[in-house]
Structure formats: C-alpha cells, structure tokens
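Protein sequences appear in the order of chains S and Z.
Just so you know, we're using our numbering here: the first sequence kicks off at 1196 and counts up by one.
Just so you know, we're using our numbering here: the second sequence kicks off at 2 and counts up by one.
Computed cross-link-like contacts, EDC-like style, restricted to lysine to aspartate or glutamate with a CA-CA straight-line distance of at most 20 angstroms: (1) S:Lys-1536 / Z:Asp-303; (2) S:Lys-1321 / Z:Asp-450; (3) S:Lys-1222 / Z:Asp-305; (4) S:Lys-1220 / Z:Asp-303; (5) S:Lys-1222 / Z:Glu-306; (6) S:Lys-1699 / Z:Glu-336; (7) S:Lys-1223 / Z:Glu-306; (8) S:Lys-1700 / Z:Asp-345; (9) S:Lys-1321 / Z:Glu-306; (10) S:Lys-1219 / Z:Glu-306; (11) Z:Lys-449 / S:Glu-1397; (12) S:Lys-1321 / Z:Glu-298; (13) S:Lys-1700 / Z:Glu-336; (14) S:Lys-1699 / Z:Glu-347; (15) S:Lys-1219 / Z:Asp-303; (16) S:Lys-1219 / Z:Asp-305; (17) S:Lys-1321 / Z:Asp-303; (18) S:Lys-1700 / Z:Asp-375; (19) S:Lys-1223 / Z:Asp-305; (20) S:Lys-1222 / Z:Asp-303; (21) S:Lys-1699 / Z:Asp-375; (22) S:Lys-1699 / Z:Glu-34; (23) S:Lys-1536 / Z:Glu-298; (24) S:Lys-1220 / Z:Glu-306; (25) S:Lys-1700 / Z:Glu-382; (26) S:Lys-1692 / Z:Glu-369; (27) S:Lys-1700 / Z:Glu-34; (28) S:Lys-1700 / Z:Glu-379; (29) Z:Lys-449 / S:Glu-1394; (30) S:Lys-1700 / Z:Glu-369; (31) S:Lys-1223 / Z:Asp-303; (32) S:Lys-1692 / Z:Glu-34; (33) S:Lys-1699 / Z:Glu-369; (34) S:Lys-1220 / Z:Asp-305; (35) S:Lys-1464 / S:Glu-1497; (36) S:Lys-1700 / Z:Glu-347; (37) S:Lys-1692 / Z:Glu-89; (38) S:Lys-1321 / Z:Asp-305.
I should point out that these hints are in silico values taken from the structure, not numbers from a laboratory.
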Amino acid sequence: MKIGVLKENKQNEKRVALTPSIVKKIKKLGYDVSIERDAGVNSTFYNTAYEDSGAEIAAIDNVLKSDILLKINKPTQDEISKLSGNQTLISFFSPATNTESLQLCAKDKLNILSMDSVPRISRAQKMDALSSMANVAGSRAVIEAAHYFGRFFGGQITAAGKINPAKILIIGAGVAGLSAIGTATSLGAIVRAFDTRPEVKEQVESLGAQFLTVSLDEDGSSSDGYAKVMSKEFIAAEMDLFKEQARDVDIIITTALIPGKEAPKLITKEMVELMKPGSVIVDLASQQGGNCELCEKDNVAEYKGVKIIGFTDLPSRLPSQSSELYSNNLFHILDELTPNKDGILDINMDDDVIRGMTAVKDGSITYPPPKIEVSVTPKKPDEIAEPVIKADEKKSSVVPALISLALLFIVGAFAPASFMNHFTVFVLSCFVGYMVIWNVTASLHTPLMSVTNAVSSIIIIGAITQISTTDTISLVLSSVAIFIASINIFGGFAVTKRMLGMFKK
Amino acid sequence: MNFEILNMEVVRSLYIVSAVLFILTLGGLSNQETSRKGNLYGISAMLIAVIATLLGPQVSSNYGLLIILILLGGSIGLILSKKVQMTEMPELVAILHSLVGMAAVLVGLVNFINPTQEYLGIEKTIHSIEIYIGIFIGMVTFSGSIIAFGKLSGKLSGNPLMLPAKHYLNLIMIIAIIFFGHNFVTSGTIDSALVPLAIMLTISFFFGIHLVASIGGADMPVVVSMLNSYSGWAASATGFMLSNDLLIVVGALVGSSGAILSYIMCRAMNRSFISVIAGGFGTESSSAATASTDQGEVQAIDIDEFKNMITSSKKIAIIPGYGMAVAQAQFVVNEIINILKTKDIEVIFVIHPVAGRMPGHMNVLLAEAQIPYDIVYEMEEVNDDFGNIDLSIVIGANDIVNPSALEDPNSPIAGMPVIECWRGTYTVVMKRGMSTGYAGVENPLFFKDNTRMLFGDAKESLSQVLTLNN
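Could you put the whole structure together from the sequences, leaning on the hints where they help?
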C-alpha cells in the first residue's frame, strides 16, 4: 500500500508528519511512501533527503490518491472533501470537539485514526503524540518566557553587583510541566511546581524543583491519566496559594489542560496585578481558552507590565525536533497497524489502542470508543510491596552453641584419648578453613574449587600406606585408589594453574 | 628393596609442613596476585606429603607399582586438564569429586579387610564407626558427583527428579544406614560385618544419586560446592580411620571451604541450604509464578539503535549470564570493549554470584577471553552505583536481573539479591526470545520504560556491533 504525506497548510505550521529517517523504517514495513513536494522544507528536511531515503516526491494531487494519508493538524473541510474510497487518514482530529468534520468523514469506506485519541496506557506511550508534543511545548514555553523576560534566569555575583535568580512557578506537572521544569532548572532558575496529584511530587523533586501543595488532603489522580476536577474547598485553597506565589515569582507557566474541555481559569486578573512589572506568564492552555483570564490565543498580551504569552504553536517553533518525535509516534502506530510487515493496513478493532484511535471505520463513526482503564493507576501506599524478608535472617546463635557444647561434652565423656587428639585437630582445622576461605575473592571461587579438589586427593596418602601388603584384594583396591587419586591431583593442580594463568589485569 | 629412610616422627613433622603449606594455598587464593603462588604451595605440599609417606615406615614394598600408578594417573589428569573447555569446568570438577569419593571408599574397604592395627574395646567401636562413616561419605560423594556430572554435561536432564514421598525415601535410607551401621559395629568378625557393609554401600550409592537427582538445574552451583565439601569430609573421615592428622586437617579445610561456598551460593539465591538439598527450584511456590498480569509491551530495537546507544554512553555495565558462555560471545565482547576503550567509554562487568554453573565460573570465562579482572565487579560493589551507569547490557542472563525478586513478595525468587540494572539510564537485554529463565518467572525488567530488547543470537548481534568503528 502507498502512504502519502501532505504538506501542512495551517498558518505558521512548520512541522512535517514524516521525516526521512522514519521513511526508511516505514518502507521496511512494506509500504511505498510519497511526500508532497517541499513538505519538509520548513523543518529543514529537504526533498533530496526524502528521495535518498527511498520516498517519491509528488504533487499534491498524486499524494492525495495514496491509500494512507499522514498529517499533523486536523484536516480542513476542503481536504476531507477530497478523500474517497477506502482511504485512511492519520492525524490529530479532536473528534470530541470537531463534530462537524467527523460527520463529513462518515462517507464511502473512509477510516480516520485520530492521533489525539491514543489511550493513555503504558503500552501506547510510544504512539502518544500529545505527550511528545507536550514535551516540546513545555521546553519551548520556558525559552519563550526567557525571551520576553528582561533578565537572566540563573543567579550570579558579578563585579557590578548581585544578580538574583529568576523564580518560576509551573502549574501542572504533566508531560509539558515536567519538561518545563527540566529546562527551567537547567537554565539556573528557582523552580516551584504545583499539581493536584501528590504522586508526581517525586518526579518534580527529581528534576530539582520544589513541590508545592495545599494543606487540604485530596488526591487529584484519576483513572484516565489526567487530573480530575477538584472540590470547591480545594480550589479555594489552591487559588490562595497561587495568589501568594504571584507576589513572589517572576514567571508563571500554566499547563493545566484536559483535552476536549475548557481550560480551568487558574490565574485571575487580580493575581496578574499582584505580579511585578516585567513578569511573564506563558499559558500552554490557550488552545482551550487559557488558564489565565487575560490570555489571548496566539498572541502576547500585556497588562500592567506583565506579558501573557498565548502561543498555540509552540511545538511548531521547534519544527525539526517536533517532526522527528511525531514521525516516531506515527511509525509505532503503523507498526501496530501492520502486524505482518507486508504493507497491508489492518485496523484491528479488538486492539485497545487502535480501537481508541479509530474515529471513523469503513465510513461510519466509531467515536467515542469504550472506556478503558489506564494501567498506570498509581499504587496506593498499602499496595507497595513490603520489603522482602531474607531467608538468612540472623537467628539466635545461643541454641546452636549450647547444642555444640553438649555434643562436645558427650564426645569427651566417652571417647578415648587417641580419638580426642584427632578430634581437636579436626575442629581446629575446620575453623582455620572457615577463616581462610572467607578471604577468598569471589572471582576465584572456581579455581578455589579445583584446587581444593586436588588438595582433597591427599587421601592418596591413605592408599599409599596400604599398598605394602601381601593381600591381593587390598593390593588391587589400594592400587586403584592411588591411580584415581593421582588423576585428581595432577588434573586438579594443572587445571587450576591454567585458569589462574588466564586472569590478567 | 626398602626405602624406609625416615622414621615416623620425621614423617609427622613433614606432614606439619605440608599442612601449613595447604593452608597457605587456600590463603593465596584471596586475590589474583598471590593466587599463582598459592597453587605452587599446594603442589609442593602434596609433593612433600607423598614423598614423606613413601620414605616413611608405613611403606615397605611395591614401590615400582606405586610410581607407575601415580605416573599413569597423573598423565591422564594432565591430559584432562589440557583438553577441558572452560565452559566444561563444572563437569570436570564434578567428575574429579567422584574420584575422591571412590578413593575414600577404596581406602576404607582396605582398612576394613586388612587392618594395620589391632584395636580393643571402645577404640575398636570408634574405629568401626570411622570406617563406616568414611565409606558412607565417600560413596555418597561418588554417586552424587556422577549424577552432577551427568546433569552438568547435559547427559542427564537438568530437571529435578520428583519421586513421590522423596523426603520419606531419604529418611528411610538414612535410618537403614544407621541400622546397618549398628549391625556393622557390633558384629564380631570381618565376615559377619561384610554383609551390613555391602548393604550400606548399595543404599548410600542410591542415596547419593537421589540426593543430586532431585535438585534442579538452577541449583547446580550449590550442588557442585556441596560435593566439594563432601569430598573434604570424606578425606577427613579417612584420616580418623587411619589416625592420620594430615588427612584430617586437609579434609577439614576442603570440607569447610565447600560448605562456605554452598552457603554463599544459597545466600545469593536467598534459599536455605536445607531447601536446596531437599528439592527442586520453584517446586513449592510455582502457583504464584503466574500471578503477574498485563505487563505492557517490550520495546525492541535493532542493531543500529543499539550501536547509537553504545556510542552515546559514557559508562557501560555488561551483565553476563551463562547464556553468554554458551554462545561463546565473551571473545567478541572483549573485542568490543577494546574498541570502546579507544573511544573513552568506560566498560565494567557485573557478575552475580550464581551466574554460571559453579561459583566463580563467570569470572573464569571472562578471564579466558582476556578480559582484565580489574574491570570485573561483584554485584554488591555496583548495585548502589547504577545511577552513574548510562547503559547496562544484559547478555544471556535472566533471573539475576529480575526486579520481581525485590518487588514481588509472591515471586518464587523473592528476596534473592539481583543486579539492579534498571536503576541505570538504559538497559539493553540481548535475548533469543521471550522465554523465561531457569526459575520459570516472568521478568518485569523487559517491560520497563528504560529497557530495550535486542532479539537474536547474542554472538551474531555483537559481531555486528564490532563494525561500529567504521
């Protein structure tokens, strides 16, 4: 089957759905790839690079005839009108809010796979383009903030005076939030992060940020992988916290977003007024109305000296990186969709991930998919495995000591002197052996065994003392004993020597 | 002809020299630098002991036969030691153990039918017990080692033999042995004692077989070191029987050495010695093994990605298992680390105590491939430092890197110390397929976010990595 990649026609969009390195991998799945001319130019992937990796460069009309079409942004109505037959389109689609387009797609035998409907289960992480784009957006948000913020991020003490480090508050520690934390801390800023889900505390702290929380005990985790809506009391406490922080921090980055729903208003006009002039707010939720009341979509608003950035194209501002990640996600999806690697697309509706993505199948709408539980539900503390108890727990050594003492007493009471001499030697030797062997390094345990093997053939002494006999049976038996013990002595020492010779520094 | 040059006192003092040298032999193995000297001490100790005995009063004839036997056996031993592959070391050690066991049986029998000394009263009883115990231990060592050899060399199945009521079977055999021991000691004449002795020989022969046959393949390191211990006790028992202190001392040294190794191996698997001896791995808790459900999906990579991961790492830990030795991949690994050295990438090896088929086996296999021993570390030395390791490469190992040993109290390998490679940045597991390890336990490591699977023959894959230079 043939895969076609369309040039993105949305304004300011610089990304491309497929990069040359992934073209190679997709060809291995058995597909032919056709790329619209200049589709990757804005993300520095040129036509020649695609040709080198085995794709054909074609005009848009030819590309549109492909069996499978790949895109990033949701299709325009014009594009949808050009789809026909049993073509398959894979792109962002937002089937929840984009109902009009969804209706238009319910024609012929069309299949629509929506990239933003990949279920948030761990198996599907490699296909989750929302996450990979959020990662880029989070990082870029910090860079945008730095661009509009008139100061350094890192603190310094210079000859000209002290430079205070910037203080950054990041609201929401999802993929974008964590990425922003990482970028901001590496630029030297003091970073605080807030999230309603207490289990992300560890991740936040591992990136070097401080985790903020409200004193109310309420868990914002839910089974679909996003934070849930919190109680009134909680929201009030949360707003107090933000107000307090607004006075102190220089930059706020908000990432509170639930797909398909309007973004919660977290930063009020009042809070913006509390911020120092020159401060910056980056609102990553501006696509869905913004977390900040004053946010303007795709624009930089300014209110009393505070700049509020509402760009929605942050991933596109790092086009090469975003394209690379998006194509990787696409590749993993195609890999799932092509179980036999024969270039034949198989939309298997029994597969949770594929079922979740499929908005239209054979011309009929299949959205919304049945709900599936996210497998990464956080463990309740009581489920965490108890430390496994080791079998060799220290046992009281008193009882064995008493038993040994008693045994020794019995032996001493009955045994003759000659036996006691040997017995003394025996017990002391056991202890010498015990002390010496513990010093043997573990890497020499095999040579130790082969040498002790040779050494235990000291039994040959016994056989030697028996050979000076006239009794035939005894002679034969002791001869055999000497013979086999010699095999052991020579073999054991020689193989030990050979092994030890191999150990080199 | 008679060479009785030394009297018994001189022989005894030479035995003391020999015993001291034997202790130094074991002491020498405490590190690689002194180990070669240690082996030389061992050889000289043996030489002194044998020559002193030959020239002492206890040997008065048959010198020629004796020398011929020693030379004949010696040459066979030397040929064996030259021909053995390092992967076959456990088999060699096992078969050599059986020879010690057999020698102990033979010496015991000779002492029984042709006593050199007359004993009376309690001394006679003790002497009889010594003979009986010596022959018993020797026989168990002999037959047990033969089975161990068969299992290790693949001639017998590695699966534990599961006879019904096997614990009772063992118990009955031990009771029978004690019963006939009583008969043996109380019977007045050699002829009447011969019957219980013969019965005991037969029972202990089967006892040894059953003991080792019922132990599973994964527990072989314990078995080999246990038999090592037995061969020592057999020598010690013979020493009691012959009133020879040198044999007692040396036997005790070897016996405790084997016992300690068994203990170390058991600890490395978090299993008690009794449970290893009593039965096969996972037989008691196999029902819990399948408890884990959906684990997510493994992330497979190809050679090119693997090469990229290697070259973009600063510090790499290689975790070898016995699978690496079977694939004979250690030589390729050595070539790779030489290339990586030129690229300033640090490579270390991390060895789990039970990797391989006998204690320390993995180290010998790496040494054979000329991998310097100072980059080979023990599990405990590295486990806390995985945070600094960019890439762990697991070659032919499974259970020893299984996180469920720490995380899942129901796992059959729960509590076993494992190499915690998942704490590093990335782990690449080289594996033929998704089969489970010896213990039959699923390995959650494969499903971790920072784990990548490289399927295929380890040696072949690694050979392809070799081209990363160009």
